[in-house]
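Chains as they are written, first to last, in numbering that gives the first Met the number 0: chain W, 0 to 342; chain C, 0 to 275; chain L, 0 to 406.
Simulated from the structure, these hints should not be mistaken for laboratory data.
Keep in mind that the hints are not guaranteed to be accurate.
[What the hints assert, rightly or not] If you anchor each label on the Cβ, the simulated ranges turn out as follows:
| # | chain 1 | residue 1 | chain 2 | residue 2 | range |
| --- | --- | --- | --- | --- | --- |
| 1 | C | G163 | W | V236 | 32 to 38 Å |
| 2 | W | V236 | C | Q155 | 22 to 28 Å |
| 3 | L | Q387 | C | F84 | 55 to 61 Å |
| 4 | W | E240 | C | R99 | 47 to 53 Å |
| 5 | L | E170 | W | S70 | 51 to 57 Å |
| 6 | L | T385 | C | G106 | 37 to 43 Å |
| 7 | W | Q333 | C | R99 | 34 to 40 Å |
| 8 | W | V18 | C | F84 | 17 to 23 Å |
| 9 | C | V28 | L | G203 | 24 to 30 Å |
| 10 | C | F59 | W | E240 | 44 to 50 Å |
| 11 | C | P36 | L | G176 | 57 to 63 Å |
| 12 | W | P184 | C | Q155 | 39 to 45 Å |
| 13 | C | V164 | W | G119 | 52 to 58 Å |
[To be verified] The calculated lysine to any residue pairs, modelled on SDA-like cross-linking and capped at a C-alpha distance of 20 Å, are:
| # | chain 1 | residue 1 | chain 2 | residue 2 |
| --- | --- | --- | --- | --- |
| 14 | L | K223 | L | R395 |
| 15 | W | K118 | C | T8 |
| 16 | L | K271 | C | Q238 |
| 17 | L | K369 | W | K118 |
| 18 | L | K369 | W | L244 |
| 19 | W | K118 | C | Q261 |
| 20 | L | K53 | C | L68 |
| 21 | W | K118 | C | Q238 |
| 22 | L | K369 | L | H76 |
| 23 | L | K329 | L | T309 |
[Said to hold, decoys possible] To give an idea of the interface, some chain L residues facing chain W are shown, with a C-beta separation under 7 Å as derived from the structure:
| # | residue |
| --- | --- |
| 24 | D74 |
| 25 | Q77 |
| 26 | G80 |
| 27 | K241 |
| 28 | Q242 |
| 29 | G268 |
| 30 | S372 |
| 31 | A379 |
| 32 | N399 |
Glycine is no exception: its CB is placed at the ideal position from the N, C-alpha and C atoms.
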Amino acid sequence: MRRRRAGLPARRGHLRDDVTGWLFAAPVVVILGVFLLLPILMAMWVSLTSWNGQGSPFKGGVPFVGLDNYSRLFTRDDLARQDFMTSIRNNVYYVAIVVPLQTVLALGLALVVNSRLLKGRSFFRSAFFFPSVTSSVAVSVVFLFIFGNSGALAQLLGFFGVKGPEWFSDSRGVLHLLLGVDTPPAALADHGVFGLSWWEWLSGPSVAMCAIIALVVWTTSGTFMLMFLAALQDIPVTLEEAAMLDGAGRRQRFRYVTLPMLRPTMFLVLTLGLIGTWQVFDQIYVMSQGAPAKTTLTPAFLSYRTAFRDFDYGAGTAISFVLFLIIVLLTLFQRRVMRERRG
Amino acid sequence: MRRLASTFTGYAILVFFALVFVYPFVIQVATSFKTEPDAAASPLSPIPHPLTTAAFERVFTGTDLPLWLGNSLLVAVVLTAGRVFLDSLAGYALSRLRFRGRSALFGAVIAVMAVPGVVLFIPKFLVLNQLGMYDSYLALILPIIVDAAGVFIMKQFFDSIPAGVEEAARIDGAGPFRVFWSVVLPMARPALITLTIISFQGAWNEFPHTLVAVQDPALFTLPRGLADLVSGSLGGGTQYPLKLGAALLATIPVAVIFVIFQRHFVRGANEGSSKG
Amino acid sequence: MKLHPLAALAATALAATACGSGFEEPEAAPQSSGPASLRVLIASSGDPETAAVKDAAAAWAGSSGNQVTVTPAQDIHQQLGQAFAGGNPPDVFYVDASRFADYASVGALEPYADKISDPDDFYPSLRTTFTRDGKFYCAPKDFSTLALIVNEGLWKKAGLGEADVPKTWDELTAVAGRLKAEGITPLALGDTRDRIGAFMVQAGGWITSPDGKRATGDSPENLKALEYVRSLLKDKLAAYPKQLSASWPGEAFGKGKAAMTIEGNWIKGALKADYPDIRYKAYELPQGAEQGTLSFTNCWGIAAKSPSKTAAVAFVEAMTKAEQQMTFAKEFGVMPSRQSAKDAYTKEFPADTAFVNGAAYAQGPVNAPKMDSVLADLDAGLQQLTAQDPKALLARLQKNTQSALGE
């Protein structure tokens, strides 16, 4: 018998090993190739055409328009650009609120649940986590009812003598409401960039969008709480004890011991949050379809609508590639910022 | 004294948030047993008055929910079985087989995990259409029967199995598949359970893929049917007991599995987290 | 070495493309002979409609020896859109007038309507709605128009009689002033082009030219209409349903919060189901510069790709016969699209005379492709009509319409 290195299969000939390895991986490779790589290539082609959904996009006769579908999103003064920019604005506000809120909430819940003094921790942990595992469509239905015109939230606010807004038909921007301005100052209304006036850019999320934000924070915080919890449990008790002996107060311990140990998890939660929030779709589809007054329109939903409702597959695909690019760039940017901080 | 106060505050925070996180489900259950006027008049009340199962009767007789339920079950079971088997195969190859291109393949799997699913809607539709699979059970299942995250989880687990367990079997002359199937796979039971649970949960809740894979109502799964039942209804206060009842039925299977296999969900969430 | 797996991926991908069946597409759909099996997709208003269409289809199938499957769609725009792109659309389907131009312009519809017997019997306004580039594409299924719905109780309470029913905008304003009372809004008005558009038609304007080729949004007539509606809203003589905590005007009307509303004949069924005690009457809409209302309609579309077009045309022929349409009218409350059924209908439903009369001067939905997002944008503007300058709103409409029409 030949000698073998421990743990490694015998190299009885490279070819045979290669065949075995690729055979094992073949189903995954083929399916990812056919349903991931191939579609992306096809979509790249379609985004360069103005295919209208009739017949095959890969035959002659489909009008080739070059980069027109992309450039019109930024340069041409028409409704397509306006809708796209509106969706970007909506999503920026959405991301800017959801990501910090869910991160802070998840961290807070994790800290409380992790506290060794409390009983019934596993019950609470499950309660916070449960919304994350349910169907996005089903919980959207629940929130439609809660935020509805005669819904649970309206009644709850009524107990406190507050008359809540009609969430899903209220297109007013929250920033506008907070500042108490109804009519835009001319300086903001008359100037703008990318087809939206500054007034429109600075609207904040609409009241309707706030309902969706509440839903999303509610569903995703649980998952992120678990990640923080796992990281908290990995912090050696001795480290905290040492800090305690050094006379560090609770706040100082959190600031100088806990937080630095949580940094990798924090990075992960922020990254996943950023990637996830730019893709919001299910909730929009079920709850609002972009209404009222386009204030819950997001790039993901817009790309879907442009392709499947307006039969403009080229433009719809172009929007999704731009969205892809946004996500990639933001992730890279974030990675760089976090690395600089660390270094 | 101070300790007592902080314990009290801790509980107060926990109970408050537990209410915020759980009460919507209480409302959901309660409302689905309410009459329509009752649901509109006292949406917050956890007790239906009067109690009625009329909404569920209408769900089963007036909508296609039984059909959606059947489709969901079929699709979720096939998807789960497929994902568990195929992901393990690939994970095993990536972890324990030496072959040329292995590290590049692993890199490709990681890259695939980073592709945001939302940009694939239209592309997936295009490819299904080209292959003539659009609007079929195959379209619902095949494109998502493997997932890169599952491959990653299995690879990580196989990495943790001590080297050399395959040796004995190999000396007995077993082929690579036999070694995988009857020696290594049984050792991966915990990872397999985790993968099964999160695959089932993902498959059961899958919505956007069904949107671009089928349009025939006979092929709708529960989330798709439910979405069409309510979409665009914009808070118009009609038929909420019915809609919430249907949503409840979509939630129950996952809820049951959650209660039984909770720690696997927890592990799944954390396994998924290490992929960043 | 490193390129190896990627190359393999690409090769697989290419191989898969090559096998794709979708590439082979015949230019004209081959026509099958013998008994056909038709697939019919309908956007049903509810169970009565589904049942009535299924019964009628079964009867036709029995007498003609073909097979028909009728499927009610959940979201027919989306289902049809994907079915067209998938190359396997149903043979016959409802086409909403507002989507007609989109489907026709991409060549998805078979222009068959002149093959139906007596095509001139369809109301001219409905024919126009489904005509594009001089071709009458598909047979109108039925239609509805807008009328002024008046709450008789509140009307009498305000001391108004039959003679006070407004015939002009000025009279409408005057009557509204008298109906205004604590907790009662004179007019509940839907906040979209599908209601406010009626005022544009009455003023002599519309969003596009009759052939759907030119944008006419910023005309002085349209401006006059919007300014009039705006003044009603500002003086609290009219309100949008949202302001009345209602999901649609009929709800506010049914609850007695509004004395009048402008809705179509569907309001009959809704009021009967939800507010059976309310007494009301329907009158023709008051005039501006001319008489005007809006019509809403579907046609029986036949897919250009259908393999059984002959059978499909025969099916539509049966569905659009005057007697069949009267049956539908009785089953689920729509108005027949054939003028020859008008007398029978008004005899059966005398209270609907105002709706039927509207057919003579009704404007159909915008008949041009790619207008869906433009019109959605207009609706968003109309929802904020009191806070906006109507002129700017129309200028925006004009600009968007022009770019959609490629002017």
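Report task. State the violated hints by number, sorted upward, taking the hints as numbered earlier in the document. Result -> Failing hints, ascending: 6, 9, 10, 11, 12, 13, 17, 18, 20, 21, 23, 24, 28, 29.
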